[in-house]
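**Student:** Can you make the complete structure from the sequences, with help from the hints?
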Amino acid sequence: MSGLSAGLSRRRAVLLALLLAALVAAPWLVNDYLLTVLVLILYFAYAGQAWNVMMGFAGQLSLGHALYVGLSGYVAAMLFTRLGVGPWLGLLAAIPLAAACGAVIGYLAFRFRVAGVYFAILTIAFAEFARIGFDNWGFVNGSSGLFLPVTQYEHNDLWLLRGAPAMFYYVILAATALVFVLCHFLVRSRIGYFWLAIREDEEAARAVGIDTFRYKMYAVMVSAAVTSFAGVFYAFFYNNLFPEQVFSISRSIEIILGPIIGGIGTLFGPILGAFVLTGLAEALNAVMGAFGLELPGAKQVFYGVCLLLVVVALPDGVWPPLARRLCVAERKP
Amino acid sequence: MPLAVYLNVAVGGVLTGLVYGLMALGLSVIFGVVRVVNFAHGEMMTVAMFIAVVLFSWFHLDPLIMLVPIAAVLFAFGYALQASLINPFITRPEHSQFLLLVALAIIIANALLIMFGPDARSVQTSYAYDSFQLGPLIVDAAKLYAGAAAIMFTAALFAVFRFTPVGKAIRACADNYTGALVVGLDVTHLYALTFGLGAACVGAAGTMLVLLIDPTPMLGPGYTLLAFVIVITGGLGSMPGALVGGVLIGVTEALAGLLFTPSVKSMFAFAILVLVLLFRPQGILGRRLA
Numbered sequence: 001m002s003g004l005s006a007g008l009s010r011r012r013a014v015l016l017a018l019l020l021a022a023l024v025a026a027p028w029l030v031n032d033y034l035l036t037v038l039v040l041i042l043y044f045a046y047a048g049q050a051w052n053v054m055m056g057f058a059g060q061l062s063l064g065h066a067l068y069v070g071l072s073g074y075v076a077a078m079l080f081t082r083l084g085v086g087p088w089l090g091l092l093a094a095i096p097l098a099a100a101c102g103a104v105i106g107y108l109a110f111r112f113r114v115a116g117v118y119f120a121i122l123t124i125a126f127a128e129f130a131r132i133g134f135d136n137w138g139f140v141n142g143s144s145g146l147f148l149p150v151t152q153y154e155h156n157d158l159w160l161l162r163g164a165p166a167m168f169y170y171v172i173l174a175a176t177a178l179v180f181v182l183c184h185f186l187v188r189s190r191i192g193y194f195w196l197a198i199r200e201d202e203e204a205a206r207a208v209g210i211d212t213f214r215y216k217m218y219a220v221m222v223s224a225a226v227t228s229f230a231g232v233f234y235a236f237f238y239n240n241l242f243p244e245q246v247f248s249i250s251r252s253i254e255i256i257l258g259p260i261i262g263g264i265g266t267l268f269g270p271i272l273g274a275f276v277l278t279g280l281a282e283a284l285n286a287v288m289g290a291f292g293l294e295l296p297g298a299k300q301v302f303y304g305v306c307l308l309l310v311v312v313a314l315p316d317g318v319w320p321p322l323a324r325r326l327c328v329a330e331r332k333p
Numbered sequence: 334m335p336l337a338v339y340l341n342v343a344v345g346g347v348l349t350g351l352v353y354g355l356m357a358l359g360l361s362v363i364f365g366v367v368r369v370v371n372f373a374h375g376e377m378m379t380v381a382m383f384i385a386v387v388l389f390s391w392f393h394l395d396p397l398i399m400l401v402p403i404a405a406v407l408f409a410f411g412y413a414l415q416a417s418l419i420n421p422f423i424t425r426p427e428h429s430q431f432l433l434l435v436a437l438a439i440i441i442a443n444a445l446l447i448m449f450g451p452d453a454r455s456v457q458t459s460y461a462y463d464s465f466q467l468g469p470l471i472v473d474a475a476k477l478y479a480g481a482a483a484i485m486f487t488a489a490l491f492a493v494f495r496f497t498p499v500g501k502a503i504r505a506c507a508d509n510y511t512g513a514l515v516v517g518l519d520v521t522h523l524y525a526l527t528f529g530l531g532a533a534c535v536g537a538a539g540t541m542l543v544l545l546i547d548p549t550p551m552l553g554p555g556y557t558l559l560a561f562v563i564v565i566t567g568g569l570g571s572m573p574g575a576l577v578g579g580v581l582i583g584v585t586e587a588l589a590g591l592l593f594t595p596s597v598k599s600m601f602a603f604a605i606l607v608l609v610l611l612f613r614p615q616g617i618l619g620r621r622l623a
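First to last, the protein sequences are chains Z and P.
So the first sequence is numbered by my numbering: it starts at 1 and just counts up by one.
So the second sequence is numbered by my numbering: it starts at 334 and just counts up by one.
Source of the hints: derived by calculation from the structure; they are not laboratory data.
Quick partial rundown of chain P residues pointing at chain Z, CB under 10 Å, derived from the structure: (1) Pro426; (2) Glu427; (3) His428; (4) Gln430; (5) Ala436; (6) Ile439; (7) Ile441; (8) Pro451; (9) Pro550; (10) Phe561; (11) Ile565; (12) Lys598; (13) Leu606; (14) Pro614.
Computed footprint of chain P on chain Z, listed as stretches where at least three residues anywhere in the stretch have a Cβ under 8 Å from a Cβ of chain P: (15) 105-118; (16) 125-134; (17) 253-266.
Predicted, not measured: the structure shown is a model, and the values here were computed from it.
Ideal Cβ placement from N, Cα and C applies to all residues, glycine included.
**Tutor:** Written out as structure tokens, the structure reads:
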């Protein structure tokens, strides 16, 4: 039995190494446009992985992750534009803030037994609250948006996150790899097992003595803290922040589509889902362009139809059946 | 500002709120029975709004006359949707249902965008600028008609659920799914009927709402959220609760728009939602969930 699982994990390790090698080599193989698409894919893979901690592991459905992305982006961008503080120090400020926000929402929801769909709607409410608040807050430029200065940099400045797309690519690749490893260990740790117990049956988890309130709080805070980096990265990669965009419910939905399509609760799901969805959107762009179809909305209709087909045909997402086909199925966590 | 101004705005808020309430009622009915959160609710309403706009601009059919026909169209749409696509999902986890309905919402919104373009469409009725004066109160005719129609439609729906055998059967499904199956009720059909009735509510509300606001294809998500806020505030599964929640949110938004800038008005709606979720999670008129 142990030999079998060792063989499985070797196969997984080989596959993972191949994927990583391909991703590391990518900047030499693709043009600048495709590289920015890859950055976007890894961004969604990262954010999806962060969301997956809360929903996939602990079973708490958040539909308001744009809140943590937006808040962190604003903190880092404000520190950079007003005080000249770099993004990594900004991240040090953003992580506790995002975690604290997650803690407040979690505390209010879990103390008052707000669960399931109600919890999901509470998370939307907080994100919407932030959206409208930032939209009307003059200090952060309100609805006219916050811009980071864009100048031509001679060399890549990793400390200030200013430079060529390839640098951003490696930064987000490293972050995605890191959070993958983090989740790998989290899900196999004591806390991870407690989360799974809560996800599967909260009553039973409480009955066997798990402090469900505390572990649900951990899930929200870890997820929010990890999401925080996505916000800082977003601000420095796109160099602009509009409350209407970063906090909007459609952003929250974009973040969670990847893990759901890929396979909720799995480690590869968020990554695969990001590739599938962004790849699909880009492919639709290319096809539409080739046929000269410039109809606004046509691309999104196809996108919606594809989502519909995937969710009807593959209830567990794309990864679990694919993993079985590749004989690298994750141990059902 | 004199008191009369506040009073006028508040009355306008009550009437708009009744229409919001009818819209939210659709969501409440669907969730209360089928246990599926209709994330495409706002998009279904925009469909109704555009049907009303098209009928008005092509055939000069007044939205007030078309209320019942449009509600019937949406009923058929809702019935077909539940019977075909959604029914296999009722036993699936929430996130799976969510994805299905979000996909539907994306398709509906963008299909409308393809057909009608991004601009707002308006309906110019003969009574668009009429108003009634009642002492110091000045009430917009369009709002009054819309609010009255919302009350009548809700009353009709209430009668269906309360006094018809079908309504009784649907309530039985909501109370005890297994029990309903055991006594031989055709649950699939009843669920589809319920979804249809919910869609009819949103259809009627949308038809009324074109008298008050100009529809654009991308209106959907905002109204889906508004419907959530109202339903949770009023109490899920409580039919009067949806109307009470709608009126509360309508008045709050109207007064917030008057006292502050109109763009912050939905912030107050969300603030009410958060307060209700924390201190009275079952909603104002809801029953305490076990």
